[in-house]
Amino acid sequence: MSVTTPDSLPNERPVKLKLGRDDLMMRGFILVIALYLIITLAFPLYAMLSKAFSTFQFDLSQIEFQVSDESGKFDGTILSAAALNEQLNAIPEDEMATSSDGRLSLTPLFPDFSFRSPVLYKIRGTTEDVVYLIGSDRVSGTDWREVDSNTFRRIVLRPVQSFGLSNFTTYFSTPSLFRSIENSLFISIVSTIVTVSLAFAFAYALSRSCMRLKGVFRLIAMAPILVPSLLPGIALVYLFGIQGMLKEGMMGESIYGPYGIVLGSIFFTFPHAFIIITTALAISDARLYEAAVSLRASPWKTFWTVTIPGARYGLISAAFVVFNLVITDFGLPKVIGGQYNMLAVDIYKQVIGQQNFEMGAVVSVVLLMPAFIAFAVDRQVQKKQVALLSARSVVFEPNPDRKFDRICFTYCSLVAIFIVGILGVCQFAALIKFWPYDLSLSLKNYNFDVMDGGGWEAYGNSIKLGLLTAFFGTIVVFIGAYMVDKTRSFRAGRGLFQFLAMLPMAIPGMVLGLAYIFFFNDPNNPLNAIYGTMAILVIVTITHFYTVSHLTAVTALKQMDGEFESVASSLKQPFYKLFTRVTVPVCMPAILDIAIYLFVNAMTTVSAVVFLYSTDTALASIAVLNMDDAGDVAPAAAMGMMIFYTNAAARIIHLAVSKGILKRTQAWRLR
Amino acid sequence: MPTEATRELDADEAQPQGEAYLRIDSLWKAFGEFIALRDISLSISEGEFVCFLGPSGCGKTTLLRAIAGLDIQSRGSIEQAGKDISNLPPAERDFGIVFQSYALFPNLTIEKNISFGLENAGLSKAAISARVTELLELVGLPDQGKKYPAQLSGGQQQRIALARAIAMSPGLLLLDEPLSALDAKVRVHLRHEVKELQRKLGITTIMVTHDQEEALSMADRIVVMNHGVIEQIGTPTDIYREPATLFVADFIGEMNKLMAIAGGPGMVTIGQKDFNSGGGDFPPGSEVIAAVRPEDIIPHGPGARSDGAPDDITEPGNAFETTIKEMEFLGSFWRARLVSAALGDAELIADFSINAVRRMQLSVNMDIVIEIPSNRLKVFTRPAGE
Amino acid sequence: MLQLKKLALTAIAGLFVANSVAAAELTVYTAVEAEDLKRYAEEFNKAHPDIKINWVRDSTGIITAKLLAEKNNPQADVIWGLAATSLLLMKSEGMLEPYAPKGVENLDKKFIDKSTPPTWTGMDAWVASVCFNTVEAEKLGLKAPKTWKDLTKPEYKGHVIMPNPNSSGTGFLDVSSWLQMFGEEGGWQYMDALHENIARYTHSGSKPCKLAAAGEIPIGVSFAFRGAKSKADGAPLEIIVPEEGVGWDMEATAIVAGTDNLDAAKTLVDWSITKEANEMYNTGYAVVAYPGVAKPVKFFPDNLLEKMIDNDFEFAANNRKAILEEWQKRYDSKSEAKS
Ligand SMILES: Nc1ncnc2c1ncn2[C@@H]1O[C@H](COP(=O)(O)OP(=O)(O)O)[C@@H](O)[C@H]1O
Ligand SMILES: [Mg+2]
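Chains as they are written, first to last, in the working numbering: chain B, 1 to 671; chain V, 1 to 386; chain F, 1 to 339.
Just so you know, the hints here were simulated from the structure itself, not pulled from any lab data. C-beta: ideal position from N, C-alpha, C; glycine also. Hints may contain errors.
As the list claims (entries may be wrong) - 30 Å max Cα-Cα, derived DSS-like pairs, lysine-lysine:
#1 F:Lys114 x B:Lys73
#2 F:Lys102 x F:Lys38
#3 F:Lys307 x F:Lys229
#4 B:Lys444 x F:Lys139
#5 F:Lys143 x F:Lys307
#6 V:Lys325 x B:Lys577
#7 F:Lys139 x B:Lys433
#8 F:Lys229 x B:Lys247
#9 F:Lys143 x B:Lys433
#10 B:Lys572 x V:Lys147
#11 V:Lys147 x B:Lys486
#12 V:Lys147 x B:Lys577
#13 B:Lys486 x V:Lys112
#14 F:Lys46 x F:Lys295
#15 V:Lys112 x V:Lys146
#16 B:Lys572 x B:Lys486
#17 F:Lys102 x F:Lys231
#18 F:Lys143 x F:Lys153
#19 F:Lys46 x F:Lys275
#20 F:Lys295 x B:Lys444
#21 F:Lys157 x B:Lys247
#22 V:Lys273 x B:Lys577
#23 V:Lys195 x V:Lys147
#24 B:Lys464 x B:Lys663
#25 B:Lys659 x V:Lys147
#26 F:Lys38 x B:Lys247
What the hints assert, rightly or not - If you anchor each label on the Cβ, the simulated ranges turn out as follows:
#27 V:Thr381 x B:Val377: 48 to 58 Å
#28 V:Thr381 x B:Arg379: 47 to 57 Å
#29 F:Ala322 x B:Thr127: 18 to 28 Å
Take these sequences, add in the hints, and give me the full structure.
Structure follows, in structure tokens:
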């Protein structure tokens with residue numbers, strides 16, 4: 001029978017699926033959420049890229065002169081500025097490239113110019129849209145204007161916009177900017193090596209020893225996630241600054257610079273590395289250890305031949321995550337970086353300090369590179385790790401070993417003291433009246449309303465942002481993940497969506513924020529109205545933290561029986577009934593996880609929102625930055641600790657709510 | 001290995017009678033480059049219980065899902081109850097389905113699981129409740145309604161899944177390996193119950209399984225599949241006794257496969273010996289495989305017949321002498337490994353009843369004469385490479 | 001019939017317009033210290049209760065960046081309290097509405113834009129100073145510097161902090177004042193020498209003084225207003241006005257071109273140059289635009305006014321980019337070598 005069957009599909013028309021109501025609705029949802037991501041991610045990034053290639057140039061052919069004699073008589077000769085420059089080469093070609101703020105004085109075109117001379121000048125543009133300044137008055141048009149020598153000195157030409165690579169050439173030929181790349185790489189690599197080693201030892205001690213207080217250590221290790229990345233910077237100033245409590249510890253070196261950045265980076269990236277490595281250690285197979293023991297391998301050898309290879313994907317993944325966090329972080333180097341320039345701070349300096357948006361965009365593009373590479377490598381490694389995970393292994397149960405346990409305990413205590421110490425110092429600083437001259441306790445540093453940064457309102461705004469982000473973000477993310485997981489066929493749409501959902505992880509917050517200015521602040525953009533509102537902050541935060549939330553949702557959905565949808569449709573029930581009655585309740589723990597993740601990050605993020613907040617929507621995390629910036633370091637610490645307590649409280653509530661909901665809605669989990 | 005499925009059935013059960021309820025015509029399914037189903041055509045009549053049987057990965061589930069509309073076919077048409085459903089979404093088709101994983105909603109009680117589809121079908125609360133009770137009784141779990149799925153055993157969960165699938169009285173019941181996640185004992189028990197239920201309701205049913213016993217014991221008709229094509233369609237007896245292809249012969253039950261050369265019409269040479277065989281027109285001299293089931297091999301010798309009648313060899317041309325190399329007791333029968341100079345280095349497996357072994361006092365190294373009835377000796381083309 | 005319809009429409013439109021005038025709202029961008037804003041609005045509303053001010057406040061750099069970013073789509077109606085150097089940037093972008101407020105002739109000429117009609121008017125001056133922590137200096141055995149040149153002495157090595165002109169308006173005003181006072185060449189020579197003594201450059205202009213107040217550094221180049229505040233908070237500070245003269249900038253007011261609320265904006269700007277307004281500015285700033293108003297401010301050095309240089313804002317604005325590029329080339333990259 002089989003012999004006669006042909007080998008390829010018959011040449012008929014393929015069967016076309018008739019889309020049911022469910023299919024259409026689900027595709028609709030995918031498209032809507034994909035559209036959301038396109039508008040909030042792809043378009044802004046595109047706007048930013050085009051900004052990076054938007055250049056400004058002086059165009060001398062725009063200007064013509066007439067010059068009088070000593071007695072002020074003009075003979076009617078018209079001189080073109082371009083022609084003059086060609087003769088004299090007074091203004092070299094490479095000085096023609098400038099920024100949007102560029103001004104070019106025209107006197108070099110007249111070698112015997114003197115502002116005291118009685119010679120008069122006439123000047124005009126060759127086209128209507130030529131712009132030059134007389135002093136600071138803006139002049140445009142083709143009418144002749146007559147000025148004396150002293151005024152002529154004050155005339156400057158404004159640049160015209162064009163497109164090209166000159167911003168990049170300028171960037172790479174500015175040593176201080178270029179140095180930032182080296183610095184960023186150096187700091188990121190050093191921080192990565194140190195953090196991953198420390199976190200590995202910590203996770204190893206927790207999973208392989210029988211010491212006491214493991215739960216406490218675990219809790220402490222997670223604490224840094226609850227504060228903005230710049231908070232450790234503030235603590236380090238109090239600890240190791242010139243007036244620091246432990247200034248001797250620096251042995252004459254300054255904390256402002258690489259030491260401070262690395263130390264602070266270790267603090268705020270530690271929990272991220274710790275989580276990843278803990279997972280990796282948890283899945284390594286106990287049977288390998290038993291085998292090693294039975295082969296009488298020394299612990300040292302076992303460590304190198306079993307532990308490290310088993311955790312290698314976790315280590316690689318942790319390394320890239322830490323690297324990415326450090327290189328894209330902006331708050332910490334801003335607070336404690338001193339003279340040490342880093343890429344993320346350069347973006348801020350270019351945009352806020354010099355209003356050079358184009359150069360800001362260029363630095364953003366440069367910053368995207370390492371982040372993208374780290375992201376790509378991490379994705380590859382993650383896939384491998386998952387494969388490793390699915391090969392079921394036996395969980396390792398450590399045996400007590402007095403000496404080893406004591407070493408582990410000591411080590412973990414040191415790390416815990418470091419973390420608690422940083423937080424404690426901040427709290428202490430917040431309560432001191434005037435460090436180091438008036439050590440009496442006071443709440444004056446909590447009087448945020450008389451300081452820069454937005455006051456208590458900013459704190460309220462942060463909570464509002466956290467709640468809104470958690471609420472809308474969770475809805476968008478979970479529905480998006482559900483649709484992309486469950487929609488039948490529709491490969492193209494789902495592929496696009498998956499890509500868009502993974503992309504935010506590779507985009508540094510600063511870059512995203514800057515891209516939002518370019519996109520949303522364009523008057524031709526119909527969405528312009530959300531610029532400067534809470535809505536844009538919610539959107540940027542959701543988008544910035546989309547990937548991890550999405551992955552959490554997808555993981556939870558993948559754990560559900562894939563046939564629920566089939567059953568529901570066989571029972572003629574619409575997917576949304578299944579979604580509300582079954583999917584959401586079953587995934588409630590993951591949904592709550594996403595919500596708290598978004599809340600905590602909305603409370604702590606600085607980089608994504610620093611270009612986008614307005615006075616009405618000032619945020620606590622930004623207030624920390626700005627108060628520190630203005631020198632109100634103690635209030636900054638106070639606000640930072642407010643964020644910490646709020647997040648800690650949110651976590652506790654999350655825990656309680658999760659437990660409660662689990663008890664109520666997930667009775668079915670208990671046999 | 002005699003099974004209960006070897007009961008005789010009318011031959012005309014092999015083809016559906018009258019108008020087909022479900023008709024599949026030239027159906028193909030491709031996953032990218034890979035073709036999972038090739039040119040499948042099949043009709044099923046109303047009330048019939050059909051099993052799709054084949055090794056794992058042969059496309060059974062794919063075919064079932066195409067019928068359900070869960071994964072639409074690439075080519076070909078499906079017609080149900082006279083209506084073309086080829087490209088309808090599942091919700092617009094008329095079927096109930098049970099999966100190997102049961103796919104019970106874990107956070108809903110048994111009652112809510114069963115009533116999930118009934119809720120917006122225009123029934124009153126009381127009617128729904130009555131229907132749920134009725135279904136729970138039907139599957140023999142009358143007072144489990146308030147529990148959650150995780151509180152039930154696997155077999156119980158399977159019955160609930162069944163109850164949910166038939167709750168809306170669909171025209172077609174689709175079962176994808178419904179029993180394979182269960183313990184062997186429970187499985188055998190449930191086979192019965194499912195079959196009973198199907199008979200009671202008269203619902204047209206398709207069950208996917210890779211377990212031949214399950215298929216043989218439950219199905220009215222079996223569709224044997226391999227590598228995305230249908231190898232044979234027939235009643236369990238047909239399939240067992242008259243395998244249409246070497247694959248079917250090999251896949252279902254035990255089979256001795258012997259290298260052979262075709263002789264004249266109805267003749268085949270195994271080793272040096274010529275046999276009469278049950279048909280197969282092969283050009284003389286072509287390489288074939290001759291196949292016989294172990295239980296079809298008849299031992300001859302003193303005590304061979306239970307009634308003490310003379311032990312006549314019906315087809316002396318198909319009898320020859322062998323030596324018992326090994327004997328293995330398998331509970332309800334003995335399995336013997338036989339060698340014979342006549343067959344060259346080929347070995348034969350034969351199953352002898354306990355009685356026969358006792359009466360004939362068969363033991364290892366004994367020489368006996370055996371007979372292979374010509375109508376039980378099947379001949380197939382030899383696949384390349386064997 | 002048609003006529004009637006038109007009439008009705010106009011009436012309705014008129015209603016709306018009248019309404020919006022009655023309760024006008026102005027979006028006002030400002031860099032005035034957060035703690036002063038409420039007072040400013042209250043004082044203004046005493047005179048004009050019908051105009052509501054919606055503040056958008058941020059540091060000078062950010063507000064400037066924001067305004068420039070919104071160049072083609074201005075969100076602000078009025079800028080009240082932003083550095084004149086920033087307003088000059090806006091002016092050269094054609095973003096400001098030329099307008100001579102009522103009574104502008106009463107102001108000190110220094111505080112009025114040179115164009116006619118002026119595009120901006122000044123409020124108060126914002127003067128560079130050196131914050132000197134006497135306690136820390138004593139520990140280190142440092143004498144108080146008297147002049148800018150003093151700061152280049154070897155004994156101060158590593159004990160001076162100043163703002164980075166690339167991110168801080170105060171920093172830029174220092175640099176441009178040195179260039180004006182010492183000449184282009186002399187100015188850069190001076191900064192080369194000073195750079196040898198600088199511990200680091202901060203992002204913001206007030207931070208050096210706050211750091212000096214907190215003892216993180218003995219000498220912070222900042223501005224007088226900040227120093228006076230920290231001193232009031234109890235910091236052991238001396239506010240030094242270097243003898244060569246000090247750079248300054250002013251906070252100024254302007255109407256954003258294209259505003260929908262031109263009348264209300266004019267009302268606000270008119271009020272912003274009144275005597276009352278200047279008295280209000282005087283609570284924080286020792287030097288205000290209205291002559292004769294200023295009373296001495298506590299903790300402010302008294303010789304401040306005479307030491308203010310004759311600042312050429314136009315020079316500063318038109319050469320800003322070139323100056324910053326030069327500065328960055330000289331110090332931003334060089335300073336890295338230390339670490
Ligand atoms: N979604 C899919 N994509 C690609 N290949 C598939 C997919 N589903 C099934 N297949 C392939 O089709 C073949 C038949 O699968 P299936 O119908 O599930 O087999 P079974 O007979 O075991 O139920 C297998 O080789 C399987 O790998
Ligand atoms: Mg299957």
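Consistency of the hints with the structure:
For the given pair, Lys114 (chain F) sits about 28 Å from Lys73 (chain B) by alpha-carbon distance, which is consistent with the 30 Å threshold. With a C-alpha separation of about 24 Å, the suggested pairing of Lys102 (chain F) with Lys38 (chain F) holds against the 30 Å cut-off. Straight-line distance between C-alpha atoms of Lys307 (chain F) and Lys229 (chain F) comes to about 20 Å, which keeps the hinted pair within the 30 Å bound. The hinted pair formed by Lys444 (chain B) and Lys139 (chain F) meets the criterion: a straight-line CA distance of about 28 Å does not exceed 30 Å.
Straight-line distance between C-alpha atoms of Lys143 (chain F) and Lys307 (chain F) comes to about 21 Å, which keeps the hinted pair within the 30 Å bound. Using a Cα cut-off of 30 Å, the hinted pair Lys325 (chain V) and Lys577 (chain B) is violated, with the two alpha carbons roughly 66 Å apart. Restraint check for Lys139 (chain F) and Lys433 (chain B): the C-alpha separation of about 22 Å stays at or below 30 Å, so the hint holds. The suggested pairing of Lys229 (chain F) with Lys247 (chain B) holds, with an alpha-carbon distance near 27 Å, which does not exceed 30 Å.
Distance restraint check for Lys143 (chain F) and Lys433 (chain B): the Cα-Cα separation of roughly 28 Å lies within the 30 Å cut-off, and the hinted pair is therefore satisfied. Restraint check for Lys572 (chain B) and Lys147 (chain V): satisfied, since their Cα atoms lie roughly 24 Å apart, inside the 30 Å limit. This hinted pair checks out: Lys147 (chain V) and Lys486 (chain B) have alpha carbons roughly 28 Å apart, not beyond 30 Å. Taken as a hint, the Lys147 (chain V) and Lys577 (chain B) pair is honoured in the structure, with Cα atoms around 21 Å apart against an allowance of 30 Å.
Restraint check: the Cα-Cα separation between Lys486 (chain B) and Lys112 (chain V) comes to about 23 Å, which is no more than 30 Å; the hinted pair holds. Of the pairs offered as hints, the one joining Lys46 (chain F) and Lys295 (chain F) holds, with about 23 Å between alpha carbons and a cut-off of 30 Å not exceeded. The suggested pairing of Lys112 (chain V) with Lys146 (chain V) holds, with an alpha-carbon distance near 9 Å, which does not exceed 30 Å. Simply put, Lys572 (chain B) and Lys486 (chain B) have alpha-carbon atoms about 16 Å apart, close enough for the 30 Å limit, and the pair holds.
Restraint check: the Cα-Cα separation between Lys102 (chain F) and Lys231 (chain F) comes to about 37 Å, which exceeds 30 Å; the hinted pair is violated. Between Lys143 (chain F) and Lys153 (chain F) the CA atoms are separated by roughly 11 Å; this keeps the pair inside 30 Å, and the hint holds. Between the alpha carbons of Lys46 (chain F) and Lys275 (chain F) the distance comes to roughly 14 Å, so the proposed pair stays at or under 30 Å and holds. Restraint check for Lys295 (chain F) and Lys444 (chain B): the C-alpha separation of about 29 Å stays at or below 30 Å, so the hint holds.
As the CA atoms of Lys157 (chain F) and Lys247 (chain B) are separated by approximately 19 Å, the hinted pair is consistent with the 30 Å bound. For the hint linking Lys273 (chain V) to Lys577 (chain B), the alpha-carbon distance of about 70 Å lies beyond 30 Å, and the restraint is violated. For the hint pairing Lys195 (chain V) with Lys147 (chain V), the CA-to-CA distance comes to about 26 Å; that is within 30 Å, so the pair holds. A C-alpha spacing of about 28 Å is found between Lys464 (chain B) and Lys663 (chain B), which places the hinted pair at or below 30 Å, so the restraint holds.
With a C-alpha separation of about 21 Å, the suggested pair Lys659 (chain B) and Lys147 (chain V) falls inside the 30 Å cut-off, and the hint holds. Between Lys38 (chain F) and Lys247 (chain B), the direct Cα distance comes to roughly 40 Å. Violation of the 30 Å bound is thereby established for this hinted pair. Thr381 (chain V) and Val377 (chain B) have their C-beta atoms about 54 Å apart, which keeps the hinted 48 to 58 Å range intact. For the pair Thr381 (chain V) and Arg379 (chain B), the supplied restraint of 47 to 57 Å holds, since their beta-carbon distance comes to about 51 Å.
Roughly 26 Å separates the CB atoms of Ala322 (chain F) and Thr127 (chain B), a value that falls within the hinted 18 to 28 Å.
Figure legend: structure checked against the earlier numbered hints; hints not met, in rising order: 6, 17, 22 and 26.
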